[in-house]
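Colleague: Can you build the whole structure from these sequences, using the hints too?
Protein sequences, first through last, are from chains G and C. Per the UniProt record's numbering, numbering through the first sequence is continuous, rising by one, with the last residue being 541. Per the UniProt record's numbering, numbering through the second sequence is continuous, rising by one, with the last residue being 138.
Hints listed in this document are in silico derivations from the structure and should not be mistaken for laboratory results. Since we're looking at a predicted model, the values are computed, not measured. Ideal Cβ placement from N, Cα and C applies to all residues, glycine included. Among the clues, some could well be false.
FRET-style restraints, in silico, Cβ to Cβ [unchecked claim]:
| # | chain 1 | residue 1 | chain 2 | residue 2 | range |
| --- | --- | --- | --- | --- | --- |
| 1 | G | R112 | C | Q57 | 17 to 23 Å |
| 2 | C | Q57 | G | H108 | 16 to 22 Å |
| 3 | C | P125 | G | R378 | 43 to 49 Å |
| 4 | C | A138 | G | K464 | 37 to 43 Å |
| 5 | C | G115 | G | T29 | 40 to 46 Å |
| 6 | C | A135 | G | T29 | 45 to 51 Å |
| 7 | C | Q57 | G | Y410 | 53 to 59 Å |
| 8 | C | G115 | G | K464 | 56 to 62 Å |
| 9 | G | R294 | C | A135 | 54 to 60 Å |
| 10 | G | E75 | C | Q57 | 36 to 42 Å |
| 11 | G | R294 | C | Q57 | 33 to 39 Å |
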Amino acid sequence: MNARDPNPPAELAEPVLGPVSRSGIPVPTAVDASAVKPENIGKPGEYPFTRGIFPDGYQGRLWTIRQYSGFGTAEESNERYKFLLQQGQTGLSVALDLPTQCGFDPTHPMARPEIGKVGVSLSNLSEAEILFKDLDLSKISTSFTINGTAAIIYAMYLAVADKQGVPRSKLTGTIQNDILKEYVARGTWIFPVRPSMRLIADSILYSNDVTPRFNPISIAGAHVRDAGATAAEEMAYTLANGLAYVEELKRRGGDVEKFAKRLSFFFYVHMDFFDEIAKFRAGRRLWARFMKERYGANDPKAQHFRFGVVCGGSSLVAPQPYNNVVRVAVETMAAVFGGAQSIFTCAFDEAFQIPTEFSAELAVRTQQMIAFESGIGRTVDPLGGSYFLEQHTDRMEEAILKVMNEIDAYGGVTPAIEDGWIQLRLAERGLERKLDTDSGKNVIVGQNHFRKEGEQIGVREIFKLDPTVAQRALEKFQRVLDTRSQSAVDASLAKLATAAAKDSENVMPYLVDCCHAYATVGEMVACLKKEWGEFKEPVNL
Amino acid sequence: MNDVKEARPLAGKRILVGKPGLDGHDIGAKIVALTLRDAGAEVIYTGLRRSPAQIAQVAVDEGVDAVGLSILSGSHKELVGDVISELRAHKAGDVKVFVGGTIPGEDHAALRELGVAAVFTADMPLDRVVSQLAAELA
Numbered sequence: 001m002n003a004r005d006p007n008p009p010a011e012l013a014e015p016v017l018g019p020v021s022r023s024g025i026p027v028p029t030a031v032d033a034s035a036v037k038p039e040n041i042g043k044p045g046e047y048p049f050t051r052g053i054f055p056d057g058y059q060g061r062l063w064t065i066r067q068y069s070g071f072g073t074a075e076e077s078n079e080r081y082k083f084l085l086q087q088g089q090t091g092l093s094v095a096l097d098l099p100t101q102c103g104f105d106p107t108h109p110m111a112r113p114e115i116g117k118v119g120v121s122l123s124n125l126s127e128a129e130i131l132f133k134d135l136d137l138s139k140i141s142t143s144f145t146i147n148g149t150a151a152i153i154y155a156m157y158l159a160v161a162d163k164q165g166v167p168r169s170k171l172t173g174t175i176q177n178d179i180l181k182e183y184v185a186r187g188t189w190i191f192p193v194r195p196s197m198r199l200i201a202d203s204i205l206y207s208n209d210v211t212p213r214f215n216p217i218s219i220a221g222a223h224v225r226d227a228g229a230t231a232a233e234e235m236a237y238t239l240a241n242g243l244a245y246v247e248e249l250k251r252r253g254g255d256v257e258k259f260a261k262r263l264s265f266f267f268y269v270h271m272d273f274f275d276e277i278a279k280f281r282a283g284r285r286l287w288a289r290f291m292k293e294r295y296g297a298n299d300p301k302a303q304h305f306r307f308g309v310v311c312g313g314s315s316l317v318a319p320q321p322y323n324n325v326v327r328v329a330v331e332t333m334a335a336v337f338g339g340a341q342s343i344f345t346c347a348f349d350e351a352f353q354i355p356t357e358f359s360a361e362l363a364v365r366t367q368q369m370i371a372f373e374s375g376i377g378r379t380v381d382p383l384g385g386s387y388f389l390e391q392h393t394d395r396m397e398e399a400i401l402k403v404m405n406e407i408d409a410y411g412g413v414t415p416a417i418e419d420g421w422i423q424l425r426l427a428e429r430g431l432e433r434k435l436d437t438d439s440g441k442n443v444i445v446g447q448n449h450f451r452k453e454g455e456q457i458g459v460r461e462i463f464k465l466d467p468t469v470a471q472r473a474l475e476k477f478q479r480v481l482d483t484r485s486q487s488a489v490d491a492s493l494a495k496l497a498t499a500a501a502k503d504s505e506n507v508m509p510y511l512v513d514c515c516h517a518y519a520t521v522g523e524m525v526a527c528l529k530k531e532w533g534e535f536k537e538p539v540n541l
Numbered sequence: 001m002n003d004v005k006e007a008r009p010l011a012g013k014r015i016l017v018g019k020p021g022l023d024g025h026d027i028g029a030k031i032v033a034l035t036l037r038d039a040g041a042e043v044i045y046t047g048l049r050r051s052p053a054q055i056a057q058v059a060v061d062e063g064v065d066a067v068g069l070s071i072l073s074g075s076h077k078e079l080v081g082d083v084i085s086e087l088r089a090h091k092a093g094d095v096k097v098f099v100g101g102t103i104p105g106e107d108h109a110a111l112r113e114l115g116v117a118a119v120f121t122a123d124m125p126l127d128r129v130v131s132q133l134a135a136e137l138a
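Modeller: Now the structure itself:
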């Protein structure tokens, strides 16, 4: 079938606008005004913060404009960062390649085919020095999408700052550092659940003291969502994971008034507009209540639910890719109405490739249009008080609590993950979503409805990864091995091993020392694996 | 899909679903595994982070009719090529290999040249995946 055929056999089924949202919440055509209790709505900047954590919203501070990027070598990523900063991006977002995420050096046989593919290869401090060359780390907030090796990459960031002469106390940014959702939805786990939780608590407690303006964790629902969860389920799993980290931090002697101020969150925003806005408002309210009522945190900052958002990867589709530009705009507006502190916009071609400069710039421009042209950020929570939104927020809260109660009934997230229970639930939800998409019940314009058969992906530009990336990474890696002091590396790794074996010790200072000695990510991970073992993935279907 | 469940077009077939390499996005592989099982196949799912040699070894040990590989990291050409060579080294080159994930259209032909029987894209309906597999394995 030719795409220019004037009468292409597009999907014939009529799309249906169902009476329930994608989270399964009934949506009345008109809401009874008396269903909404003004006392549940509250004021922006006041407990339980349904309407936002600040009284002046984006007038006080605009969200951070980021763009997920990183590919190939540190040199290429450094250039892309400089380009994006010139376009008005206000924070960096670093994507790491799979070997770095999984703790393998580029020389490992499993690493070879993946070097530089989905992010930048950051195998040791010298690569980080290149990545941040001529970027002032005291002024730029950097977000790292890293989990299994988050503590190591954070240590490497501190070492780079040390090298650049930037005081650690000035560093701002975020490491994702959320291992729980890796076990259930994304797979870059390394160690078993319990030592991983310890490592995360170590990094958070250390960061609270050493980099007080840095977010040492970004508890992320995002991958759970892409795996098939609804908006309500995404929030429920994320809050449950967040509470598990709070418990671990308390076990390690943390003070909730202190560490809770630096816990941050991260979500996908998909296309069901009001589900998304209600999800953020309900999540903010629930978290504030948990912190205050369950953990006795009285400082409002320790009750704040601060979150970043990225447009849903799986909400973007390859057929008719330019439609994704519109999806990203709608999703970004939902994030703004929801009160996000940081927004990454997807580039329209992310459904099938690493963004080109053209598509990355358009994604940044989308945020700038919403921020500076639309005016929707002038007032805090502009839809607050809407009969429908307030009722939907209440229903969303109930839906979230229902899932959290099911996890509690199972015994909590840790055993639920160790048994593979959450993984199986997600696989089944993913299958349901796929079948609803196949049948056309989940309407995706240009894919399962209004689609022209045989249409080819037509984009202006295809991203091409330089085929010499792996070779160049390997050559640089070898040079570091040849020039560093092996005795310094061995000594730093030996101290790390001793610290890892002792639960009461914090491993972070030892990781920073290893990074300074140019120990590699693979060496540090191997050292910790020796003490802690590896996660045994429960494969039940 | 209910039709597929009743018809069980893959009854009697043994199919390995594998995740070669380091890509951890396993939801697509799991969805396909559940679907193939509903269609009557016996499914062996490898779990994450398997090397091509490990996958080929399991395929041989389990005597499967087909191997489905899911890859989203962009390393499909290297990893799929390695799985096929390993299968051939085990004299199991007749085992059909299918690939799914984020596979750009321009790479489909290259994968077929390597010996891949079919490439399934993410937007392809599951009943079409099943019917095509059934036809290939008939």
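Colleague: Against each hint, give a clear statement of whether it holds in the structure.
Modeller: Going through the hints against the structure:
The hinted range of 17 to 23 Å is satisfied by R112/G and Q57/C, whose Cβ atoms lie roughly 19 Å apart. Range check, Q57/C to H108/G: Cβ separation about 19 Å, and the 16 to 22 Å hint holds. Distance hint check for P125/C and R378/G: the Cβ-Cβ separation is about 44 Å, which falls inside the suggested range of 43 to 49 Å. Between A138/C and K464/G the Cβ separation comes to about 39 Å, which falls inside the hinted range of 37 to 43 Å.
In this structure the hint that G115/C and T29/G lie 40 to 46 Å apart at CB is violated, the actual value being about 56 Å. Range check, A135/C to T29/G: Cβ separation about 46 Å, and the 45 to 51 Å hint holds. The given range of 53 to 59 Å is broken by Q57/C and Y410/G, whose C-beta atoms sit roughly 35 Å from each other. The beta-carbon spacing between G115/C and K464/G, approximately 25 Å, falls outside the hinted interval of 56 to 62 Å.
Judged by the Cβ atoms, the range 54 to 60 Å given for R294/G and A135/C holds: they are separated by roughly 56 Å. With their beta carbons about 39 Å apart, E75/G and Q57/C fall inside the hinted range of 36 to 42 Å. At about 49 Å, the CB distance of R294/G to Q57/C disagrees with the hint of 33 to 39 Å.
Hints 5, 7, 8, 11 from the earlier list are contradicted by this structure; the remaining hints agree with it.
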